[in-house]
Amino acid sequence: DGGITQSPKYLFRKEGQNVTLSCEQNLNHDAMYWYRQDPGQGLRLIYYSQIVNDFQKGDIAEGYSVSREKKESFPLTVTSAQKNPTAFYLCASSFQGAYEQYFGPGTRLTVT
Amino acid sequence: ELKVEQNPLFLSMQEGKNYTIYCNYSTTSDRLYWYRQDPGKSLESLFVLLSNGAVKQEGRLMASLDTKARLSTLHITAAVHDLSATYFCAVDKGGGGADGLTFGKGTHLIIQP
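Line by line, the protein sequences are chains A and B. Just so you know, the first sequence maps onto residues 23 to 134 in the numbering used here. Just so you know, the second sequence maps onto residues 2 to 114 in the numbering used here.
These aren't lab readings, by the way, just hints derived from the structure by calculation. The beta carbon of each residue, even a glycine, is placed where N, CA and C say it ideally should be. A couple of the hints might just be wrong.
Said to hold, decoys possible - Here are a few chain A residues that face chain B, going by a calculated C-beta distance under 10 Å:
| hint | residue |
| --- | --- |
| 1 | Leu65 |
| 2 | Phe110 |
| 3 | Pro127 |
Stated by the list, open to error - Cross-link-like lysine-lysine pairs, in silico, DSS-like; alpha carbons within 27 Å at most:
| hint | chain 1 | residue 1 | chain 2 | residue 2 |
| --- | --- | --- | --- | --- |
| 4 | A | Lys105 | B | Lys106 |
| 5 | B | Lys42 | A | Lys36 |
| 6 | B | Lys42 | A | Lys105 |
| 7 | A | Lys79 | A | Lys36 |
| 8 | A | Lys79 | A | Lys92 |
| 9 | B | Lys106 | B | Lys57 |
| 10 | B | Lys94 | B | Lys69 |
| 11 | A | Lys79 | B | Lys94 |
| 12 | B | Lys106 | B | Lys42 |
| 13 | A | Lys31 | A | Lys93 |
| 14 | A | Lys31 | B | Lys106 |
| 15 | B | Lys106 | B | Lys18 |
| 16 | A | Lys93 | B | Lys42 |
| 17 | B | Lys94 | B | Lys42 |
| 18 | A | Lys92 | A | Lys31 |
| 19 | A | Lys79 | A | Lys105 |
| 20 | A | Lys93 | A | Lys36 |
| 21 | A | Lys105 | B | Lys94 |
| 22 | A | Lys31 | B | Lys42 |
| 23 | B | Lys106 | B | Lys4 |
| 24 | B | Lys4 | A | Lys79 |
| 25 | B | Lys57 | B | Lys69 |
| 26 | B | Lys94 | B | Lys4 |
| 27 | B | Lys94 | B | Lys57 |
| 28 | B | Lys4 | B | Lys69 |
| 29 | B | Lys42 | B | Lys57 |
| 30 | B | Lys94 | A | Lys92 |
| 31 | B | Lys42 | A | Lys79 |
| 32 | A | Lys105 | A | Lys36 |
| 33 | B | Lys94 | A | Lys93 |
| 34 | B | Lys18 | B | Lys57 |
| 35 | B | Lys94 | B | Lys106 |
| 36 | B | Lys4 | A | Lys105 |
| 37 | A | Lys93 | A | Lys79 |
| 38 | A | Lys79 | B | Lys106 |
One chain only, chain A, in its complex shape (with noise of 0.2 Å):
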């Protein structure tokens, strides 16, 4: 089946830890994304890539970082200098140029 998914589905770790949140995709697509739900709100933008090795910050990407190794995978750490990490987190993906990303089950992250 093709798709997306992101591991772990919930996530606790005490406060000055990083952490990192997997999302994998075997759709093919060229673009991927983060983004950060907190309660009640929308979702904002994190980080993106269009192609492998290169990425671009989003509206909130401080305390965050990102690599692009390879076409299938874009890991997202949640460092220790992001002040308030708990929250939903999303990834998503879509081929170059086109117009929808689909999302995947998303991580649920918790920080105390």
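With chain A fixed as given, assemble chain B onto it according to the hints.
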């Protein structure tokens, strides 16, 4: 800076009634998207509107786009309980969508029997 505003943010309605959700955006864009989100779940794509005057319908939902007014509407006809969810509109940041989307805050829709 691109801003996307939805209203209402919360809507409780009875089954069988009609209602419209509005989505305004602040800068020129020819592409607008509607998504549905169930509690605790990811986003499901409903409609992609690609040009001025575009209208798309799926079941009891119909979406339209007026790029001159920078307005999209999502109309619900004869609502049923299964349509209870949060609905988001989103607009391209640019680059044909490759630069990501800007989302509205969502409309939390509850449909009561």
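(message) Check whether the Cα positions of B/Lys106 and B/Lys4 lie no farther apart than 27 Å.
(response) holds (10 Å)
(message) Just to be careful, I want the Cα atoms of B/Lys18 and B/Lys57 compared with a cutoff of 27 Å; is the pair within it?
(response) Distance ~20 Å between B/Lys18 and B/Lys57 Cα, so the pair holds.
(message) Tell me if the straight-line CA distance from B/Lys94 to B/Lys69 falls inside 27 Å.
(response) Holds, at roughly 17 Å.
(message) Against the 27 Å threshold, does the CA-CA distance of B/Lys106 and B/Lys18 hold or violate the hint?
(response) holds (24 Å)
(message) Hint check: B/Lys4 vs A/Lys79, CA-CA at most 27 Å. Holds or violated?
(response) Judged against 27 Å, a Cα distance of about 18 Å means the pair holds.
(message) So if I understand the rule, the pair passes when the alpha-carbon distance is 27 Å or less; does A/Lys79 with B/Lys106 pass?
(response) holds (21 Å)
(request) Take a quick look at whether B/Lys94 and B/Lys42 sit within 27 Å of each other, Cα to Cα. (result) Holds, at about 24 Å.
(message) Between the alpha carbons of A/Lys31 and B/Lys106, is the straight-line distance 27 Å or under?
(response) Between A/Lys31 and B/Lys106 the Cα gap is close to 23 Å, so the pair holds against 27 Å.
(message) Please verify whether B/Lys94 and A/Lys93 have alpha carbons no more than 27 Å apart.
(response) holds (22 Å)
(request) For the pair supplied as a hint, A/Lys31 and B/Lys42, confirm whether the alpha-carbon distance does not exceed 27 Å. (result) Holds. A/Lys31 to B/Lys42 sits at ~11 Å (cutoff 27 Å).
(message) Hinted pair, alpha-carbon criterion (27 Å max): B/Lys94, B/Lys57. Please report holds or violated.
(response) holds (22 Å)
(request) Sort out whether B/Lys94 lies within 27 Å of A/Lys79, counting only the CA atoms. (result) OK: A/Lys79 and B/Lys94 at ~13 Å, within 27 Å.
When held up to the earlier numbered hints, the structure conflicts with hint 20 and nothing else.
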